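*Asks:* Take these sequences, add in the hints, and give me the full structure.
Number of protein chains: 2
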Amino acid sequence: MNALLKLVEHGQSYWIDNLTRRMITSGELECRVRREGLRGVTSNPQIFQKAITGTKDYDEQIENLVGGGRPCPDVREIYEALVTTDIRNACDILRPVYDDTSGLDGYVSLEVSPHLAHYTEASIEQARHLFRLVDRPNLFIKIPGTLAGLPAIEELLFEGINVNITLLFSVERYEAVAEAYLRALERRREAGLPLDEVASVASFFLSRIDVLTDELLRHRITPEVTRRPEPDPKTMLGKSAIANAKLAYQSFKRIIESDRWKALEDKGARVQRMLWASTSTKNPAYSDVMYVEPLIGPNTVNTMPEKTIDAFADHGAVRDTIEEGLDEANAVMNGLAKLGIDFGLVTAQLENEGVQKFIEPYDALMASLADKCQKYSNRRSVDLLQKVARELRRDVVTMTTEAGSGHPTSSLSCADIVAALFFHEMRWDPTDPSARDVDTFVLSKGHAAPILWAALHQSGACHESLTSLRKLGSTFEGHPTPTNPWVKVATGSLGQGLAAANGIALANRLDGIPGRVYCLLGDGECSEGSVWEAAQFASLNKLSGLVAIVDVNGLGQTGPTPYGHRTEVFARRFQSFGWSTIEIDGHDIEALLDALYRARKGGPTAIIAKTEKGRGVSFLEGVHGWHGKALDREAMEKALRELGETGVHMTVEPRRLGQIRRSESEPVPPLKPGYRPGEKVATRKGFGIALEKLGESMPDLVVLDGDVSNSTYTEFFARRYPKRFFQSYIAEQNLVGTALGLAVSGKVPVAATFACFLSRAYDFIRMAGHSRPPHLVLCGSHAGVSIGEDGPSQMGLEDLAMFRALAGSTVLYPCDAVSAERLTELAVKTPGIVYLRTTRPSTPVIYSEAEDFPIGGSKVLRSGGNDRFTVVAAGITVHDALAAHDSLKQRGISVRVIDAYSVKPLDVATLEQAARETQGIVVVEDHWRDGGLGDAVAAALNSTVPVHRLAVSKEPRSGTMEQLLERHGISRRAIEEAILAFG
Amino acid sequence: MNALLKLVEHGQSYWIDNLTRRMITSGELECRVRREGLRGVTSNPQIFQKAITGTKDYDEQIENLVGGGRPCPDVREIYEALVTTDIRNACDILRPVYDDTSGLDGYVSLEVSPHLAHYTEASIEQARHLFRLVDRPNLFIKIPGTLAGLPAIEELLFEGINVNITLLFSVERYEAVAEAYLRALERRREAGLPLDEVASVASFFLSRIDVLTDELLRHRITPEVTRRPEPDPKTMLGKSAIANAKLAYQSFKRIIESDRWKALEDKGARVQRMLWASTSTKNPAYSDVMYVEPLIGPNTVNTMPEKTIDAFADHGAVRDTIEEGLDEANAVMNGLAKLGIDFGLVTAQLENEGVQKFIEPYDALMASLADKCQKYSNRRSVDLLQKVARELRRDVVTMTTEAGSGHPTSSLSCADIVAALFFHEMRWDPTDPSARDVDTFVLSKGHAAPILWAALHQSGACHESLTSLRKLGSTFEGHPTPTNPWVKVATGSLGQGLAAANGIALANRLDGIPGRVYCLLGDGECSEGSVWEAAQFASLNKLSGLVAIVDVNGLGQTGPTPYGHRTEVFARRFQSFGWSTIEIDGHDIEALLDALYRARKGGPTAIIAKTEKGRGVSFLEGVHGWHGKALDREAMEKALRELGETGVHMTVEPRRLGQIRRSESEPVPPLKPGYRPGEKVATRKGFGIALEKLGESMPDLVVLDGDVSNSTYTEFFARRYPKRFFQSYIAEQNLVGTALGLAVSGKVPVAATFACFLSRAYDFIRMAGHSRPPHLVLCGSHAGVSIGEDGPSQMGLEDLAMFRALAGSTVLYPCDAVSAERLTELAVKTPGIVYLRTTRPSTPVIYSEAEDFPIGGSKVLRSGGNDRFTVVAAGITVHDALAAHDSLKQRGISVRVIDAYSVKPLDVATLEQAARETQGIVVVEDHWRDGGLGDAVAAALNSTVPVHRLAVSKEPRSGTMEQLLERHGISRRAIEEAILAFG
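Chains as they are written, first to last, in UniProt numbering: chain S, 1 to 983; chain E, 1 to 983.
These are computed hints drawn from the structure, not numbers from a lab.
A hint or two may mislead.
A pair holds if it fits inside one copy or across any two, identical chains being indistinguishable in the list.
For lysine-lysine, the following DSBU-like pairs were computed, each having C-alpha atoms within a straight-line distance of at most 30 Å [said to hold, decoys possible]:
| no. | residue 1 | residue 2 |
| --- | --- | --- |
| 1 | K375 | K542 |
| 2 | K629 | K685 |
| 3 | K357 | K56 |
| 4 | K629 | K680 |
Fair warning: this is a prediction, and the values are worked out from it, not measured in the lab.
*Replies:* As structure tokens, then:
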């Protein structure tokens with residue numbers, strides 16, 4: 001007979017500290033009970049976590065529990081259902097033991113949630129609930145012996161619910177627990193309830209005590225002191241747990257020997273046995289049965305893991321040991337005190353750690369259950385979503401044939417993705433396109449517009465007829481534009497969606513909206529560098545709610561895309577840019593749902609979906625030559641026959657996040673520039689100072705800069721409002737694209753870099769124009785040759801042409817710090833795209849603080865009754881114009897000087913007046929000759945007076961500002977010559 | 001006594017088939033010779049490859065051989081020196097055997113290059129050379145018994161050079177070899193030369209024969225046939241080699257028993273022994289001494305590897321066996337024939353494979369020696385290059401302080417890289433900046449210009465004073481521009497260099513120039529997406545000569561770069577874009593040289609160099625806040641003291657590749673458009689057709705397209721001249737950047753995409769302007785709202801403004817297929833940047849084939865003596881203007897119609913004439929209102945007549961062309977109304 005079977009002769013039951021479904025279904029547990037003398041089972045959250053997440057044994061039950069419904073049932077309900085099933089079955093297996101021992105043994109323990117360790121009432125309620133749910137007399141509810149646990153224990157025992165008090169480390173707490181038991185029994189007696197129907201064990205923990213005290217002892221073991229401490233800490237290693245337990249047992253004995261107990265016992269009360277827990281040896285240097293052998297004696301239980309059971313069966317020695325070595329036990333506990341080890345602190349720490357040790361696996365289990373729920377819940381949606389995707393495909397084919405053009409095949413490849421998003425994963429509200437507390441979708445591959453229109457139409461968000469596609473007046477345009485209210489940013493120039501998605505995600509973060517942003521890209525557009533600028537920004541800014549989905553259909557417009565279906569290429573790239581990636585079959589709805597679910601965490605995430613262009617229609621699928629071509633009617637009919645009718649029409653119920661935190665805008669007080677006249681301050685600095693001031697009263701003002709904030713002077717804002725400043729590094733396309741995303745999400749973004757580098761983002765600026773943002777300010781500093789020594793690559797010479805060309809844009813160009821501040825103030829309040837041009841060198845302040853600068857206005861700086869000529873200048877050239885005025889005045893020539901700070905809209909009235917009143921106009925600007933202020937003035941004046949344009953017309957060089965203004969004919973001298981030439 | 005020592009009693013010597021320096025220096029070889037009866041050594045290229053590349057035993061000698069010189073000595077010379085050293089030493093160790101056996105034994109064999117197996121004369125020469133070089137009588141030169149080898153063998157033997165004939169597989173060839181020996185001896189006898197001073201062995205190969213014949217036999221062993229072949233192939237496995245060798249020995253015996261031989265032997269001739277080679281057992285199922293035991297007999301040698309020697313010593317059986325089993329041997333050979341195995345083919349194949357088996361390790365050894373040479377050669381350069389780098393740093397500090405601005409710290413971080421490139425790795429010619437048969441350097445991080453100027457100055461390429469930096473007139477500008485003749489493309493807008501490098505590399509490939517292109521990037525600029533567009537293009541186009549060097553100094557303008565010194569981030573990214581990568585310390589010259597050497601192969605390669613900004617000056621190194629700031633004089637003096645003076649002034653000797661393959665341009669005959677008047681052909685198609693025609697007579701014409709070649713119609717060219725067409729996918733920045741690189745390398749590039757998408761590359765276009773390429777044509781198709789249904793994102797509406805603004809640009813805009821062809825023809829011949837705007841819809845041909853379209857011209861399409869008004873149109877609007885003319889004419893209003901196909905330069909004379917002769921001008925264009933033709937005309941006319949601009953001024957929608965022209969007021973009707981409004 002092995003050692004285990006002998007234990008019972010010495011009054012000790014052994015239980016097992018593990019329970020899994022496999023143990024039950026395989027017959028292992030039954031075998032242990034019947035043949036190996038096992039008399040009880042304990043469980044805890046950690047044990048269930050291992051069992052449930054480590055095996056597939058629970059999956060079928062989980063799937064059944066999830067049912068067809070959505071949203072998923074509460075994971076705690078699922079947890080309860082899973083564990084009570086096991087516990088109930090285990091109770092039934094142990095029932096014969098329970099019956100044979102008249103309720104002394106044969107128990108199974110189930111722990112309440114570790115999150116309740118400090119909640120008395122909740123513990124009581126959950127214990128009642130679990131006891132009812134399992135509905136077996138041989139069930140122990142485990143309640144930790146925390147301070148909050150004590151009254152719960154008493155109450156539950158009073159109510160006749162068996163309690164295994166767990167997490168006991170100290171003798172004192174054990175005694176309190178025993179007291180609770182006594183009181184509960186006494187209350188039952190008073191209430192006339194039977195005493196023999198309630199049981200309890202007090203679980204006293206062992207090995208963890210040694211782990212911690214040994215650590216403390218080792219702190220005291222050092223060769224670096226000559227005088228050894230007393231007692232020698234070395235000799236005490238691995239002894240505290242046993243010593244403590246033996247002393248606890250003495251308390252137990254005192255209690256059961258008390259008259260108080262005897263009185264209860266006489267009424268049938270069962271003894272509250274001591275249960276030794278945490279009995280596996282942690283230190284491999286120690287005996288593997290060290291927590292079993294010395295603690296054998298009457299009225300005890302030892303609950304062991306398999307390994308310890310096996311070890312003890314193999315070589316455990318059995319005799320009554322529990323009362324041996326009590327002197328040593330006392331010596332050990334005294335010794336700890338002598339060495340300065342406060343055992344009270346030890347046990348308190350262990351109690352805390354014990355709670356934490358269960359919370360962690362419990363939470364992990366809940367998370368894992370949530371994952372599984374989602375998966376099964378998804379599975380039930382697959383069939384329906386497949387049908388939805390089929391309907392979307394039918395719509396795509398029909399509407400493009402009707403339109404006679406469009407991109408059906410590019411839409412078919414992503415039909416499943418769009419179905420999964422719009423009809424399952426995305427939380428959105430088809431009744432409210434302006435809602436912000438929702439997930440957002442950005443169709444970066446804009447040519448797939450038909451699939452978007454189909455989804456909006458199917459879901460009930462848009463009621464327009466799909467056959468209006470591409471027809472004048474329809475919001476279903478060839479590529480998405482905000483004419484359709486569901487479109488946040490116009491797309492169709494590829495590679496731009498992700499940058500906008502960055503901006504939307506940033507705005508969500510600023511406003512506390514937990515929405516996700518889904519951006520659907522094509523594989524072909526991943527050749528655009530802007531995608532990688534955006535990818536870098538997203539990971540640097542930890543935009544975890546951003547999900548890029550790449551529709552890798554492998555075919556571009558003119559042939560295969562560079563990497564065909566090699567999804568791993570895209571995965572490696574996104575990874576190298578700091579993203580999580582998931583590669584899937586983009587037509588497998590279940591895989592899609594799973595990927596989307598996984599993408600909820602740990603983002604930014606790129607889902608790389610392998611798809612077929614033209615998917616769903618045999619003669620289109622993966623066939624080159626169909627890009628951007630609609631089917632004729634005959635082919636359409638064939639396609640529709642293949643796709644079949646599903647009869648499904650799935651609308652989307654509104655799902656909103658309900659969370660949004662926005663600061664109310666206060667009225668913005670007018671800025672007070674506060675410069676001295678003549679003070680030399682660069683306009684770029686004036687801009688920076690104004691931004692910082694505006695930041696205070698405009699909570700929606702956000703600023704982006706491309707690693708030149710100490711040149712553009714956005715650094716003032718950045719330092720003051722770091723959360724509203726976004727360092728965009730040297731990546732101007734993403735700078736503008738992200739600003740646009742912010743702009744369409746209610747922010748007022750100001751994006752700044754050198755004027756010349758805004759040309760890097762011209763396509764983004766162009767598309768921003770088509771996106772019609774409420775506010776978007778772009779500031780270009782270092783305009784013109786006046787920057788001097790850095791040379792032509794750093795000179796903004798095309799910027800006025802670029803921004804003037806944009807329909808509806810505003811172009812402002814201050815010449816001094818006052819106008820710079822004023823125009824910055826105006827810029828952030830002016831609707832649409834506003835371009836603000838600033839200058840590198842310092843220029844003298846010429847305006848008073850009170851000066852007003854309306855959009856579309858100008859300033860006549862010098863004027864007299866007999867002005868013969870007019871000089872129109874802006875920015876840096878205003879100062880040369882004034883100098884020329886003075887100089888010409890000395891020569892008797894009177895010249896009107898106009899500061900055309902509003903380059904667009906231009907102050908036509910003032911210019912026309914000058915045209916009428918003077919004999920010639922010289923326009924002088926630090927910009928290429930064509931497309932700038934000169935063109936603007938010439939076109940506006942429309943013929944009444946000669947207009948002479950002074951501007952940069954030959955390749956600039958490095959040199960001083962003065963040299964360059966002179967060299968390029970835009971200096972004071974050049975203006976004078978031009979005026980004299982009229983003469 | 002072990003079996004080996006007994007062999008000699010049976011007339012067989014055993015040799016070892018291995019030789020390493022370690023065997024010699026350790027005494028192992030001597031021990032084998034003195035104690036274990038070893039009587040000879042053979043070697044071959046494979047053996048030396050293992051010895052030389054697998055150990056460090058040769059490295060010291062290699063380093064000495066490399067010496068201080070550059071370029072490295074020929075690796076074959078080094079090889080010879082290494083092996084003849086070993087061979088000579090081995091000969092000396094075996095000399096006692098040679099002497100003791102009177103020259104019968106004690107030989108060491110050295111093989112000629114395996115590349116000479118089929119070259120008689122070269123084999124003879126090399127054998128003579130090696131025999132002289134080793135200068136030992138007991139040397140065998142190994143010559144393969146190929147057909148080309150036979151006469152060489154005879155000649156060498158005649159000359160008294162001992163020959164070991166190797167690679168013998170067939171009896172027939174063995175007999176031919178024996179005949180060569182006989183003839184050589186007979187010729188010596190005739191020439192009166194002694195016969196006892198020349199020796200030979202015939203090496204007959206064994207195991208390889210079994211490997212191959214067994215394979216062929218196994219093809220014939222199958223359970224799937226019922227009737228077994230006869231003989232049973234199974235029974236013949238592993239028998240052919242021995243059978244063949246035994247039969248060869250019978251030939252040997254016949255020869256030495258012949259009278260002819262006896263006559264020679266009488267004169268002292270030594271017998272040409274049979275040598276058994278390839279005697280290690282390959283098939284583990286066979287005995288490990290199977291190629292030794294059965295072939296023991298007089299006048300034989302068995303040359304074995306160590307393993308076989310050990311096996312034979314251990315368990316070999318020795319007796320006279322060579323003449324046993326001759327019947328079986330014949331049966332085996334007959335059996336092979338019966339089974340259809342042609343043994344002649346077997347031996348021929350083995351001979352070929354035998355040669356290959358030596359070529360491979362020989363070549364690998366040469367490559368490995370080249371690597372080692374380079375490494376040692378580099379090491380000798382390190383000290384000097386460090387000093388050069390120090391001098392460059394001194395120059396950088398001095399010149400920026402002198403200039404009072406610039407980027408010293410960004411230059412200091414890459415001083416070592418630049419020193420390694422310009423003064424060591426790059427093959428270039430400081431006397432000729434226009435040379436193309438050289439390596440090219442592109443400074444993508446243009447703000448580090450000072451380090452480039454310093455290198456050009458130090459190397460003697462530029463004689464301008466460095467203190468002219470950033471001064472007006474100096475070619476040492478703030479950022480590199482082609483004002484300095486060494487600068488290919490202007491840089492300073494970051495992230496553009498690599499695309500240009502792509503173009504230069506493509507041009508090199510087209511012209512057969514084996515030059516490499518080095519592009520130096522900063523880590524900060526790797527945030528630019530354009531870098532990754534270029535990286536993708538380089539790997540897709542396998543630009544193996546392209547080397548990107550990233551100067552990861554970890555500091556940007558405003559603070560740390562996004563990834564600091566994490567070079568692995570860049571390495572992973574470049575890898576994910578298909579590049580080889582090498583991460584190094586960018587200040588370790590030796591590591592740099594090694595990386596540059598490795599980058600010569602397997603590119604494109606990115607060298608990711610970890611550096612410190614401000615390196616070399618303690619108070620600048622890695623210190624933030626120094627970006628773009630010059631030191632003051634005091635700080636400069638301190639920096640110079642730290643850097644110290646080296647006294648080194650290293651000029652660079654010209655190194656040119658001397659290879660260039662260019663097709664001569666023929667005179668381009670004028671195109672013959674050949675359309676019918678009124679035929680409807682889109683101008684984009686006319687452009688495509690013209691390109692294809694021009695391709696024939698313009699070998700330098702190259703075309704690039706961004707995956708829209710079937711829309712732009714560059715597909716015609718692509719199909720006809722695929723090698724001159726570069727698919728650039730959806731990456732317009734790289735499209736333009738690569739075109740620029742081609743343009744500055746003598747090509748005439750035409751890059752095409754939708755007009756709107758050229759806005760994506762505006763910064764590249766801007767910088768191309770500053771780069772002043774001889775020719776660069778950009779074609780934008782799908783201009784304006786006339787594209788119709790695709791909607792605003794696809795409409796080029798800013799392109800005229802963009803291109804007009806560029807100083808020196810030409811902007812052309814055809815309205816029909818004839819003018820499209822003519823203007824395409826002109827575009828490729830017009831210097832500088834030419835923009836050609838084409839239209840999507842088909843338009844009627846209005847011009848005759850003979851029509852001429854000068855740049856700066858226009859066409860007056862309708863004109864009469866009494867024109868009241870003028871309509872100026874271009875492109876699509878020309879047709880509406882003509883229609884308006886007709887309609888107004890019916891109403892009695894005479895209107896002049898001008899086709900302003902040359903938007904820039906504009907035909908001012910014709911316009912001024914119209915202004916003088918008519919009362920109002922309407923300009924009508926399919927473009928945004930500002931910056932286009934209207935502005936151009938208004939600015940040009942300068943006041944003489946009212947100019948009314950019709951252009952697109954509100955946001956377009958999807959719709960038909962006709963609807964949109966109407967909606968945006970640029971239709972026939974709108975023109976009429978505008979004319980009528982003049983009243």
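*Asks:* All hints are to be evaluated individually against the structure, with a verdict given for each.
*Replies:* We went through each hint and held it up to the structure:
1. K375 to K542: within (26 Å within a copy, 44 Å between copies)
2. K629 to K685: between (53 Å within a copy, 18 Å between copies)
3. K357 to K56: within (24 Å within a copy, 55 Å between copies)
4. K629 to K680: Between copies only: 21 Å across, 61 Å inside.
Violated hints: none; the structure is consistent with every hint.
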